[in-house]
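Asker: Residues per chain, in single letters:
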Amino acid sequence: MGKTYTLTSGATVAFLAGIGVAVAGNAPGVTDTEIKIGNTNPYSGPASVYSTIGKSISACFAEVNDTGGINGRKINFITYDDGYSPPKTKEQIRKLVEKDKVALTFQTLGTPTNSAIHRYMNKKKVPHLFVATGATKWGQPDKFPWTMGFQPNYQTIGRIFGNYILQNHPKSKVAVLFQNDDYGKDYVIGVKDAMGDQYAKMVVKEESYEVTDPTVASQIISLKNSGADVLVNISIPKFAAQAIKKMDAIGWKPVHLLNDVAATIKATYTPAGLDKSKGILSVTYLKDPNDPEWANDPEIKAWRAFMTKYYPKGDRANAFNVYGWAVCSLMIDVLERAGDNLSRDNIMKMAASFKKFRVRGTLPGIVANTGPADFYPVEQMQMVRFDGKGNVRFGPIISAETSSE
Amino acid sequence: MTASTLPDSGANAGSARRPNPEESLRIFGMSMQQFRRSSVIVGLLIILLLPFTVEDFAVFQMTQVIYLSIAVLGLNLLTGFNGQFSLGHSAFMALGAYTAGIMMAQWEIAYYWTIIPAGVICFAAGFLFGLPALRLEGLYLALATFALATATPQLLKYEHFEPWTGGVQGLDLFKDDSPIAFLSNDQWWYYFSLFFGVLLFIGAWNLVRGRTGRAMIAIRDNPIAASTMGINTSVYKATTFGVSGFYCGVAGALSAIVVEFIAPESFTIIHAILLLIAMVIGGLASIPAAIIGGAFILYMPNFSEAVVDAFFAGDPSSKALVWVSFGVVMIIVVYIMPMGVAGFIRWNVQKLARRG
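Residue numbers (the numbering used here), protein chains in the order written: chain U, 1 to 405; chain G, 406 to 761.
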């Protein structure tokens, strides 16, 4: 036993667990031939619409393994259903960490579900990487050095909207529609943050809806009656489509700023009516697979080929499948750069050292940057205007790089 | 249980003067009563020693089974023994969990003081909900409680409650480590939950075997006859609702302490439906069945997922089949064991038993 004590604690765990390790100090779940990665996704339950993200990531690692793995190691991607229920997430994550002995978790999905494991992952010092939620709290390296976000957070996008209104419509009256939960409120915080004192002066009406509401028609009527000429619309596709239809029916044509979550052709603009959706402004960072602009784009072509071969049952019009494929490239790059030093410390170090990494599937010019104090990988977006066919980009790539919050 | 459900009822029917046909049955050389006692003792010993034989993660799962069993037992008291349907028991768990959570997170009260208040508040809530529910029978009561379950997550998000409930963000709960050196944290939480579990199971056992229990069951079987015999049905029904709420409140408080996090999404309508399914699968009007039900809620989705993963390894789309597999297993269970797992076990035990 004396000899065991001289090893690092990580190696002791691996040693006791009987796992053959190539380099002393490699994370549990790492062997000469395999890296175990854990994940939870809502394959059932109220949020199962997101489950295609987990499926497309499984497909992405299948492709990695088919092409030789990463530095000779195959990825064993273990993904469990948590039904979007926080206690179940905690159970499944403990199973992944303590029983399956994964090296790290990747893209665990949902805000309440990740909140339930946030402290556990940091206490256990297991990399909790590129979580699939836009909440703002995932980039706090000082308090939670093992947790890292991925996508631009909702507050950042809210700030982009706030700044746009101040610069382009400084004398307008603003109406705000938002979903009454963490996602909607985070956006509103961002808008308020950017507009400062002007928020109270310019915003004439705020309306919210519950995700369980049947329709937002009454909210739209009330917002129109406020006399607003700018609408900040923070809603998911179903409600965004309803809002667009209702606005057309009652003849209200404000400057319409729609959040990126709903700015998709298939889920929102087509059901609402492409004509009625003309002129809607949004921000985005991903390429929409339905946008004619990307029909011949090499990345989207590569993505289509990937979908055909590895996820043939997946919906090729669903932007979530681009999302899964995009974020997967970050994970691959982290493990490639880590080489044969696959300790949890080194994996975190690699995750925190992206330098202008081009994330496939995102808009041209968007890169991931991280650092010891910056745990927000993608923080760039571009504004788009829907022209009846596709989202036309305008203006510069807006960077909201933060050091830490 | 009536004699007619027993396989050897034909032999008993003519000769037995005593109403209890079990008197003369023997199994493994023991009378039925001895057998039942020794099974309880063996079961308790296994429950007590199990945490030392498995890893911490499995202990954590078993701790969850304990509080889920308490909740299923609470529902079983209401539905199985008293005949009132509820699709809303996730709401009482939520109330209990948030009572404990708010006491711990906002008022910094030690976790062990939160269990009883959570139960008491849920008793009051259950009793008060039970009063108007007296006018509702069967399906209408199920609908009213369904509304309770769907409204609860929304109420927890309500902005004016946010300073206490944490709103959509939920509450992160901190608690002290195991106070006993040789127990790991997970083992400590297991025994902590087990203590309340054993108390509540014994309580339920005494409740249904006494005068109150007979009244509850009489109301279930024939409310008109029960009230004719002088049973105050309204008081009993409302009180049963309260007691059922108490059980779920304690279960909710334990869940908050064990999981260390609560959010509105922890107590959705799906959770309420799972409690109902677990009660039916375990066995209606049976106390030990609640343990089977609790284990069912926790392990069954994992098992279905493992089945799907084993059959469709490598196909990313297969994850959609998890609940199909869940459904198939459920249909099989209901077909093979129409009286629930507990009824199935009892039936087999009686088949094994021979008249001695």
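Fair warning: there could be bad hints in the mix.
Said to hold, decoys possible - FRET-style restraints, in silico, Cβ to Cβ: (1) G:678 with U:226: 37 to 43 Å; (2) U:99 with G:512: 31 to 37 Å; (3) G:630 with U:249: 58 to 64 Å; (4) G:630 with U:123: 55 to 61 Å.
What the hints assert, rightly or not - When the alpha-carbon atoms are kept at most 27 Å apart in a straight line, the in silico DSSO-like pairs for lysine-lysine are as follows: (5) G:756 with U:101; (6) G:580 with U:137; (7) U:124 with G:756; (8) G:756 with U:123; (9) U:125 with G:580.
For the record, the hints were derived by calculation from the structure and aren't laboratory data. No residue lacks a Cβ here, since even glycine has one placed at the ideal position from N, Cα and C.
Asker: Run through the hints listed earlier and report the numbers of any the structure violates, in increasing order.
Answerer: Hint check: 5, 7 and 8 fail, others pass.
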